[in-house]
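Residue numbers (my numbering), protein chains in the order written: chain S, 17 to 660; chain Z, 79 to 380; chain R, 3 to 383.
Think of the hints as simulated: they come from the structure by calculation, not from any bench.
It should be emphasised that the depicted structure is a prediction, and the values quoted were computed from it without experimental measurement.
Heads up, the beta-carbon is just placed ideally off N, CA and C, and yes, glycines get one too.
Mixed in with the good hints there might be a few duds.
As the list claims (entries may be wrong) - Cut-off 30 Å, straight-line C-alpha distance, at most; resulting in silico cross-link-like pairs (DSS-like, lysine-lysine):
1. Z/Lys-246 <-> S/Lys-102
2. R/Lys-66 <-> R/Lys-294
3. R/Lys-294 <-> R/Lys-143
4. S/Lys-322 <-> Z/Lys-299
5. R/Lys-225 <-> R/Lys-76
6. R/Lys-351 <-> R/Lys-81
Claimed, not checked - Okay, the calculated bits of chain S under chain Z, using three or more residues with CB under 8 Å as the criterion:
7. 138-146
8. 507-513
Unchecked claim - Computed footprint of chain S on chain Z, listed as stretches where at least three residues anywhere in the stretch have a Cβ under 8 Å from a Cβ of chain S:
9. 101-110
10. 148-161
11. 177-191
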Amino acid sequence: MFDTLVAGLIHGNAYALVAVGISLIFGVTHVANFAHGSVFAIGSMTGWWLIAERGWPLWLAIVGVLVVTGVIGLVLNVVAVRPLSKAPPIAALLATVAAALILDNVAQLVFGARVRAFPPALPTNNLQLGGVRFGTSDLVMFGVTIAVMGALAAFLKFGRAGQAIRATAQDPEAALQMGIPVPRIQNLAFVIASALGGLAGVFVGMYTSNISPSSGAAAGLTAFVAATLGGLGSMVGAVLGGFVLGIAEAFGISFWGDGVRDLITFGVLIIVLVLRPGGLLGRSPTITTEPLTGTFNAVGRAIRLKRWQVWLAVAVAAVVIPLLADNYTLTVGSQVAIYAIVAVSMTLISGSAGQITLGQAGPIAVGAYTAAILTAINGWSFWPALLLAGVVSAVVATVLTAPAWRLRGHYVAIATLGIGTVCVAVIRNWDSLTRGAYGISGIPAPSLFGFQIDDAVGLYLLALVVLLITIAVISRIRSSHLGTVLSAVGSDEIAARSAGVRARDYKALAFSVSAFFAGIAGALLAQQYTYIDPTVFNLPMSLLALTIIVLGGMSSPVGAVLGSIVLVGLPELLRITPDVRIIAYGVLLLLILRFRPQGLWVRSAAKRTDPENLSPDGQEPPSEGDSSRLATTLQDDRPVGASS
Amino acid sequence: MTSVLQVRELRRSFGAVTAVDGVTFDIQPGEVVSIIGPNGSGKTSTLNLVSGVLSPDSGSIALAGRRIENATVEQIAEAGLARTFQNGRVFGTLTVAENVEVGAHSTLTALRPLRGLANVPVLRWISLLAELAVALLPTRAARSEQRRLRADVDQQIERFSARLGPRKSDPAYTLSYANRRRTEIARALAPQPLLLLLDEPTAGMNQTETAEVQRQLAALKAAGQTMLLVEHKLDLVMALSDRVLVMDDGAVIADGDPATVRRDPAVIEAYLGRRRERPARADRSDQSDRLEETESRVGETV
Amino acid sequence: MRYRRAIPVVLAVATALVASACSKSDSAGAAGDTITFGVSGPVTGPNAEYGRLWKQGFDLALDKLNAGDGVAGKQVVLKWEDSQSDPKQTVPIAQKFADDDSVIAELGDFSSPASMAASPVYQRAGLVQFGFTNSHPDFTKGGDHMWSTSLTQDTLQRANAGFVAQKAKNIAVLYQQTDWGKAAFDIFSDEAKNLGLTIDYSAQFLPDSTDFRPLLIKARDAKPDAVVHLGYGPDGAAIVKQLRDVGYEGQFYGGQNTPEFVDLAGAAGEGDIITGAFSVDDPRPAVQEFVKAFKAKYNEEPGDFNLYAYDALITLATAVQKGGATRDGVQKGLQETAEFPSVQFGTLKFDDQRRPENPEVKELVLTNGKFTIADGESAAG
C-alpha cells in the first residue's frame, strides 16, 4: 500500500510539472494548448541529444532545452495562436492541434522515430522509501515542481509583469486600453510555459527513461486532465491535480490493472467536474466569462445552395463519380462520406447548440461495436443492425453525457473528451461482450435483395445514401422551430432559458441526434473495415470530426461535407510528398484556420450591416466594434445578478 | 383581484454582501412599476431573483398567485413572465423573425407535444423525442400552429415596423444596438406575458432613440401591459411609471407615485446625492465593477 | 467580395481534380521489365520506427535480388505508401494497390487491425497480402490471399512457457492489453498449466504506459521465481528497469530482439531471456551472411524486424520465380513452392493456415548487450 502511494506520488509529480505550463497558458490566453505535450516531448528529445550525443553536462543541457523550447513557445504563439486572437477560441485550440502535428513529425524527422533511453544525468535509483527505489532526480523534480509553482503563483500575484498577465487573462481589450502590452505579455506566457514544458521533458525523461518524439500526445492529454482537475488557470490547482491523478491512477491500476487507467483518469475528471464544475481549486464563475462556443457562427452565415445546385451535386456524387472514378478514389470517397455523416450531425450540437464536443469517437465506437457484435457474432442482417447501432449509440452517449450539459465552455469539451475515452476504455475491458483488445473480425458485408455490397462502388453508394439521408434529416431539423430553438440555445443560453427554453434538455437532444448518426457512421465503418478493435476509435478521430465542422463553418451541413472532403482527402492527396505528408497537412490546416477562421463554407460577416449603425446621431461608436461587442455580450455567461 | 406580482421579504447575499435585503412589493394588473437606485443598490439582483436567474436565500415571490421563488427560469417564463437584459441579449445567429419566434416558445403546444412531461425526470425524453418527431414529420396541427406562429411574429415586428420591418430576415448580429434592443422587446412580448421585466431598455441609446422607445412603452402601457422597469433615465421613469420603488443597499427606501418619490429627501440623499460621486454613465461604471470583480477572482485562483 | 465566396468552390474543385490526377498517374507506371510489390506500412506516426526497420531489411533484400539478372530477368521495385498503421488509411492504400496493375503483391501492414481492415480489398483484387508481422490468429483467416511468416502465438508462447518452466515454478506474468498480448497470454497460460507452472500474479498493461510500478509492486509481493513480460521492446525495457527499482531481483523473461530494447533496457536487461528465431550469433551460414551484409550496409547489428522484412521480400521473390510475375503467379508460387529459403527459419514451409510450419525457435539470453543462443538449447514449437 505504502509502496503504491510512493509510486503514485512520483508519477503524479511528473503530471504536475507538465500541467503547470498548460494551466499557465490557459490562464493567460484562454487557449487550451494541445501542443504542450509536443513541446514537452521535444524538451525530452533535446535533453537526450545534448546529454547523450553531445556530452553536455546536465545544467548546460537544461539551459539548452529551456532556450529551444522557449523559442518554440514563442513561435507557436506568433505563428499559430496570436493570429487567431480575434477568431473564436476553438480556432486557436485547433491551431494548437495542427501545431502539435507539425512539431511531432518534425521532431520525428530530426531525432528519428525510435524510443531512446534518457541518460541518467542524476542518480535515478539511489534512494529508497518503503520498498520503492527512487533517485536524486525524483527529489530534484519534486523541488523544481514546488519551486516553479510557488514562483509562478507569486509572480502572478505580486510581480508587475505577473499582474499584467492576470489582467490580460481577464480582459485583453481592457488591459490593452490600460497600456499593458498584451501581445508581449502573451508571448512571455508562451515562452515561460513552453520552457517549463521542456524542463518537464528533461525531468520526466529521467524518471521514465523511455522517451520518444511521439510520447508527447499521451503526456499532454493526461496533464491537461490534471490541470482541469485542479481548475484551469490555477498553478496550485495544476500541481494538486497532478498529484491527485497520479495517486488515483496508482491505486486504481494496482487494484484493477493498467487497462482501467483511462477509466480512472477520465472517471476522476468527470466526477470532479460534476461535483465542482470549475475544478478543485477553480470556481465555476472564473470560467463562465470565457467564451468557447457560439461566436463561430456569429461571424458569418452559411452560404446557401440553390435547389438546382443541390441536385447537381447529388447527381455528380451519385452518378458521375461512380462512373468515372477508380476504386481507390471511391474508397477514399466512402471514408469521406462516413466522416461527413459524423460531421453533418455534429453541426446540430456543436454548431447550432454551440457545445464543442471532443469525444465523438465514443459514440462512433459504440455504433461500430453494436453493429459488429450483432452481425458478426449474432448473425443479424445488416439493416436492422445499422438502425440499432444508431439507437444504442444515442442512448449510451445520452446517459453518459447527461451531467456534462450543466458545464460551460472548455469544460464541456473536456468532459465530452473524457466520456468518449471512457466509452472506448469500457469496450476494451468488457471482454465477454466485445472481445476486448482482440477486436472483432469477419464482419460480414451487407446485402441488399440478395446482392452483397462488398466492392468499392457498392460501399461508396451505401455511405453516400446514408449521408444524403443524414443531410436531409439534419436540414429538416434545422429549418424547424426545434432548429431555431437549438440555435437560440447556442447563441445565448441565459436569454433562451428566460424565453422558457429548457436549454440543458435541448443540448442533450441535439447531442443524442448527433450520437445516433455517429453510431450509424460507426456501423458503416465496421462494415467497410470488416475488422475493428478499440485502438481504431482514438482521440485523433474525435479531433478530426471536430476539425471537419470547424473548417466547414460549424453550423453548415454542406460545409461539413466540404470539410470532410478536404480533411479526409488531404492526407491522401499529400501522398505526393510522403516524408513530410503529415507536416504538410498540419501546415495547410494552420493556413486554413488563419485565413478562413469562420469556416470554408461561410460568408464572412461585416458585409451586410444595418445602415443604422452608421447613423450620424448614434452615440454608440458604430459598425466593426459593434459586432465584436455583441460577441462578448453573447459569451458573457457570468451570473447576471453579480453586477447590479 | 390578485396582484400580478407579489414579492415578500426577499433576501439574497453574495458572500458577505447582501445584495437584496428584505424587499417587499406588489404589482397590480396593468400597472407600470419602476425600480430606481444607485449602482449596486440591488435593482438588477431583484430582477434576476424575480425572473429565476438567481434563487433567493429567503422570502417569497408569487406570479399571479403562483409561488415561483423555487421555480426554474424556464418554469417562470412558462408561468407568464418575460424579460429583457441590461446589455441587450439577442440571438446573434438568428434572424429578427426567428428571435421573436423563440420568444413564443413557451406558448406552443402542437409543435411541442406532450410538453407536460418536460418537468419529469427521464420521462421528459418522451416529450423531447415527440418534439423531434414533429420537427421531422409535422402533424396537421403542428403545421397550422407554425403558420399561426409566423403571423404572431409578424404582428410583434409590426410594433417596430419602421425599424425592424425591413430587417426581418437579417441575422441579429448585423443589427444596430438600438435595433437589437427593439428585437429583444419584441421577443419578450411574443408570448403575451402577464408581466414584462425591462432591465434598462434604453441603456446606451441616444435621445431620439430613447424617446422612441418611450413612446413604444407608453403604447404598451395603454394597451394594458403590466411592466416592471429598472431604468437610470429619470425622465423616462417619471413619465411612464404608476409607481416608483427606490432601492439603496439592497432595501426599498421609498415607494410611491413618481411625484412623491421625487420629493422624498431620503431618496435625494441616497440616490441623487451619491450619483454625483459616481461615474455618470451606467455602462462605464458597469465596466469598472466588472474589472474589480475579475481582479478579485483571479486572486483566488492563482 | 465575390472571389472570397469562390474560395470554397475552387478548393473543392481543386481537391477533386488533384485526387483524380493522382490516382490516374499511378496506374500508368506499369512497366514490363520490373516486378512491383506494394508496401503499406508506418513511415510516420507512432510506429514509424518499425517502418524504418522494415526499410533497412527490404533495401538489403533488394540489393541481393537485383544483383545480376534480378528475379526472372526483372528488377524488383517497391511502392511504399505510408499508412501510419491507421486502418482509415490502409483501406484506401489497399484499393490503390488493387487498382494499380503493376503491383503484383503487397507487404504489410504493421499492426493487425490495420492489415485486417484492408484484407477484404486485397482478397477481392486477387492480390497477395503478405502480413509478415501480423501474428493475430485471425489475420490469415481473412482469405486465401492472406499469408504471413509471423510466428503465431501458438508456436511462440508454447515454446516460451517451456523455457520458463525449465527455470521457474511460480511466476508473475505481465502482458499487453492488445490483440497480440491477449492471444499471447491465453496460449502461454494454457501451456504453463500443462507444464505445471503456477501463475501467482498476472496483469495487463497498455502499450503506451510509462509507469508500471503499481503493477510491479504487486508482482514483486507475489514472490515469484520469475517475471514474464509478453509485449514489445519499449514497454519491456521500462518494465525490466522499474522491476529492479521496486526491488525484484529474480529472472526476467521478455522484451524484444531489437536494438531499441537492448539500448533502452541497458544494464537492467542483462540476463533477460526471450524466445525467438534469430540471433546474430547463430552460426548458420545464411544467418552470418545476412548479419555481415547488414553490418556492411548500415554499420549496426540487425534486429528481428530487419530480418522479418528481409525474409518476407525474399519469400515473395521466390514465389514469383516459381509462379510468374503476375498476381496469380505470386499466389500460385506461394501455394506450390515446397520450401522457401529463409534466414529466420533455415527453410520455410507454409502450413494450411498459410503460416510457417513447425518453425524452430530458440532460447536467447541477453549477455553483454547481445542476444545469444542459450547453451545449445532449442525447442521445436
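Against the structure, the hints:
Distance hint between Z/Lys-246 and S/Lys-102 is fulfilled; the C-alpha atoms sit about 28 Å from each other, no more than 30 Å. A threshold of 30 Å between alpha carbons decides the hint, and for R/Lys-66 with R/Lys-294 the separation of about 13 Å falls inside it, so the pair holds. For the suggested pair R/Lys-294 and R/Lys-143, the alpha carbons sit about 37 Å apart, so the restraint of at most 30 Å is broken. Of the pairs offered as hints, the one joining S/Lys-322 and Z/Lys-299 is violated, with about 45 Å between alpha carbons and a cut-off of 30 Å exceeded.
Restraint check for R/Lys-225 and R/Lys-76: not satisfied, since their Cα atoms lie roughly 60 Å apart, outside the 30 Å limit. Pair hint R/Lys-351 plus R/Lys-81 holds up; C-alpha atoms about 27 Å apart against a cutoff of 30 Å. Counting residues of the segment 138-146 of chain S whose C-beta sits closer than 8 Å to any C-beta of chain Z gives 0, which falls short of three, so the coverage hint is violated. Here's how the segment 507-513 of chain S fares: 6 of its residues keep a CB closer than 8 Å to some CB of chain Z, so the rule of at least three is met and the hint holds.
With 0 residues bearing a CB less than 8 Å from a CB of chain S, the segment 101-110 of chain Z misses the requirement of three and the coverage assertion fails. With a threshold of 8 Å between beta carbons, the proposed coverage of the segment 148-161 of chain Z by chain S holds, since 7 of its residues qualify and at least three are required. With 8 residues carrying a beta carbon less than 8 Å from a beta carbon of chain S, the segment 177-191 of chain Z meets the three-residue requirement, and the given coverage holds.
Violated hints, listed in ascending order, are 3, 4, 5, 7, 9; each of the other numbered hints is respected by the structure.
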